[in-house]
Amino acid sequence: MTNYIPIINILILILFSFVMMLFKDKKKIKYISIGSNLVVFLLSIFLMVYSISREVITLSIGNPNNLLGIEFYIGKSESVVTLVFTFVMLMILWFSNFALEKEVPENRISFFYVLINILLASLLGVIYSNDLFNSYVFIEVSTLSACGIIILKDKKENIKATVKYLIMSTIGSGLVLMAIAYIYSITGHLNISLIHETIVGNYQYHENAVLIILGLFTIGLGIKSAVFPLHSWLPDAHSSAPTPASAALSALVIKVYVFMLMKVLFRMFNYEIVNSFIIMDIILLLGSMGMIFGSIMAIMQKELKRMVAYSSVAQMGYIVFGIGLGTVTGTAIAIYHIIGHAVTKSSLFLISGLFIEKTGSKKIEDLKGIGREMPLTLGLFTLGAFSMVGIPILPGFISKWYLSLTCIEVGRVPLILIILASSLLNVLYYFPIVINGYFGNDNLDGKVYNSKKVEFIRILPIVLLVLAMMIIGGISFNLIELFNI
Amino acid sequence: MERDIILKEVGKILIPLIQLFGLYVIINGHLSPGGGFSGGTILGTSLIIMHLIYGKDFIMKIYSRKRLITSLSISLIFYTLIKGYSFLSYQLHLPHPSAGVTGRILSAGFILPLNIAVGFLVASVFYIIFTIFINSEV
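These protein sequence lines map, in sequence, to chains W and Y.
Each residue of the first sequence is one higher than the one before, counting from 1 in the numbering used here.
Each residue of the second sequence is one higher than the one before, counting from 1 in the numbering used here.
Hints listed in this document are in silico derivations from the structure and should not be mistaken for laboratory results.
One or more hints might be untrue.
The calculated DSS-like cross-link candidates involving lysine-lysine, where the alpha carbons are at most 25 Å apart (straight line), are [to be verified]: (1) Y:LYS66 with Y:LYS56; (2) W:LYS30 with Y:LYS66; (3) Y:LYS61 with W:LYS24; (4) Y:LYS66 with W:LYS24; (5) W:LYS26 with Y:LYS66; (6) Y:LYS66 with W:LYS28; (7) Y:LYS56 with W:LYS24; (8) W:LYS27 with Y:LYS66; (9) Y:LYS66 with W:LYS153.
Just chain Y, same shape as in the assembly (with noise of 0.2 Å):
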């Protein structure tokens, strides 16, 4: 008989929804509380679970050290990317997204892809603090 049986079941459950929670949180930045740091730590939080309660094998299938390193830069990339053309589009007129209607997930400009791209860097780098304590190498 397995010891942690309780915790990978219960991990089972609540692991997606903390997962889903994060999400969540990220998408509706603009318009509730929030935003890319806050869920990011939660989508970050939930990978630590993952970790403590699954061990470290597991996790580095499916999020291996080269795959996070990855998202972290590529969600960095494309926040200067859009934060560097939103820069330059005022003073160069170049086209820029509408605002919508206040209360609908698709509004508010850059502000959605800028909190998702904040959101997976913050995830990344919460799990990569984790893991540089544990197992104290960079």
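So here's chain W without its partners, still in its complex pose (with noise of 0.2 Å):
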């Protein structure tokens, strides 16, 4: 029965996003929503622990036969990438629970249970998905549903924000389609095993189509998980969107598509393919220019969300140079990325909605003196900042280390300064806002100790998202060594 838990917690979550319709009553919803996440968790975790004892899971769906029907696959980084992103999503579920009520309007707030429901499920399913017709259309699900969960607010500049994304991830979408098309047309199969038997022997023959439909998947899902020139939609959507769900878009939503770009790469072509074409290079490239340029812009922001909007650039130029180098550890720290970056992200995203909520302001110069008034709160924040800004243990230090001895492994070593100097980066726009809320006469003069202080139950998923997040340092060789796509 283990074997079918992939399917079951798809289902699940769909199934349950649509009982919530049926109930107009805010309270029940709540309790369906966090209730069916939670039995997705329980049932991840069991995934996860019967994953690790063994190879691979492959499932098929319509029919035994590959060749017909859709396929599963499940190896331990899909496991592991799918328990942290149910617990991120758990723990976003509780944090809006209380806070979803002071930012959207009071007659929308069920859809956003609704549509956080059919995109997690969409999520799990690109993880899951063996199949690249069905990757396609769980990639559409969940663009429609992002789009969802950012208008909620109905202000001009969500709109604006949600037409920007809605467009520019229908071009995204649009080219994934065509490479799909052109893979299609060269191997007749959608499978992605299948494609990688038939295309090993004979790619040779078409380089230019290989080399076509390389770039078209770069680009398409690049532009969809923001890759440094092709970011242009984040900051917007990410800072307007009300606090819960810019912690999910910026956690969940962006990864599974980097997550399926190494699938494609690395599973249904092979590194021996990848690394004769000049592709590779150019996602090193982005991915050194997001590191770098993500961070510059993040120092000029004045607001605190689109702050964290434009570090999540930066921290997905990580996750691409980890893949653009090439390697099978380059790609494992680039998992490790995805989910060391999903719970600091979240942690950081969802206590910028409380400083936001509690002072009533957006900029972050209103910040100066909020450790006094909320000393927890700006510690979990300072936590989340060290992990991004690398200070070890936390996982920012971890695949930041990695990434450099890989560099050092294939012979880039002047690859390291880019990963320096984009940690130095990291520090000047994290670590103003740590030390003007901490020290400083002038900044705390007229302050009271705890004095906008939050209740415990409302903190206590920040806890655990930081928590899980010196977990995943703590243990990180070994799940380092369970990484390969």
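Take the two lone chains, each set in its own frame, and fit them into one complex as the hints suggest.
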């Protein structure tokens, strides 16, 4: 029965999102939403325990023959990513239980819970699916539900950001569809394993076509996951959305597309094939540019949520950088950074939502002295910032350390400078908030200790996220061993 | 004298026929061209025509907003349950409806109930989209 957990996960989420539409009472909707996500989280724990002890789970759906049916492929990395995603989503739902009323109009709150269930289901679908067209369908579903949770707030900036996101991601999925059509016309398959068997022997007869396919996949999925020059929709969308929605978008949504890019590059083709094309160098270049320019643009921001959103662009740079190195360890670190960043960025977004709610201002400069008013909250923010900057034991440091080691391994030592520069730039925009929050007589003048305290039940999900972040940092060695595509 | 008397009388004859045709397209979806989506749009169109001819109050008595949402979500739940069962049934070796004789209405396994679910879903969504545009409210 454990074999079927992936599809049961998706079915539970989708089924209960439709059940929620039957109810008017918001309390019931919240219970159903949190209950279904809790069930999915528990099932994911089983799935991870089960999949660590064996090689791969393949699950045929519709037809036992994978020429005709759809196939799910769950390796160790998929199950770990699933566990982290469901955990983060559960914490976000817990947080939104208390916070959503303050941002979203009363009659739209139920939409959020419906959409977030569909969103998580489609994200899990993209992660599990071993079939290109099936992944495409899940990508479309996730895009539309992501647009839905951005526009919930019904303000001018939200509508603008959503239209921008919708147009950009439609272009992205159009490119992905075109790439799928190309690969189907060459190989006659949509199943990734079957395409792999077909293309490994005779890719050299279709070199240009393979190059086009790789380019289309990279740009199409790159737009959706906000890789540096294609990121322009991200800051608007993620900063204007309601806080739980922006946490979900930044922590989970943009990650799955990169995960699918990894599957396309390294499972559909393999390391040898993709390394013989120029595309890996371009991916590496985009990653390095994202690491530097994302951080520089984050420094220039005046609003807290926009800054955190730009920081996501920089962190996506790390993930793409790991892919671009084109080695097994590089990919493992990319996956590690996906889960590390998922827990860190979701907690940072939720904390910035609390700051904005309590101070009533979006600006960074109004956060001076916040450490006296909300000491615990800023403490958690500090831990998240430490991870982003790369203080040892926290996941940010681990990914940077292993990325540097991999750079040396592949003989590209100068790239370490980029990692170093990006870390220093991260310090420049995260630490002023912490320093101005805790220290400085001018900043602390007239602030009352613990005056803007948040109830503990509201902070608890963030505490759990930060704890999970530390655990992920602590067991990093075992985790990176597990990851392979 | 009412102004729209011709429309109303013609509507009385035409709307049942349109709805009957919509149901025919849905139920015959697995045998002839058509199916859940096309039949659902025909049903939805009949609702829109009713709204235009007889006005909002008349149709809200029969198909109130709440009822539309309920029919929408129940057909979605129905669809998910059947489709989920059919996804799981192949590998778990659960009983599976037989394909039946070609040409009969009760054949082709799950396709008929799925078509019916899709038909009602599409009809409700069609009419809801129309009301969103006309009332400019969600």
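- Query: Looking back at the hints listed earlier, which ones does the structure fail to meet?
  - Reply: none
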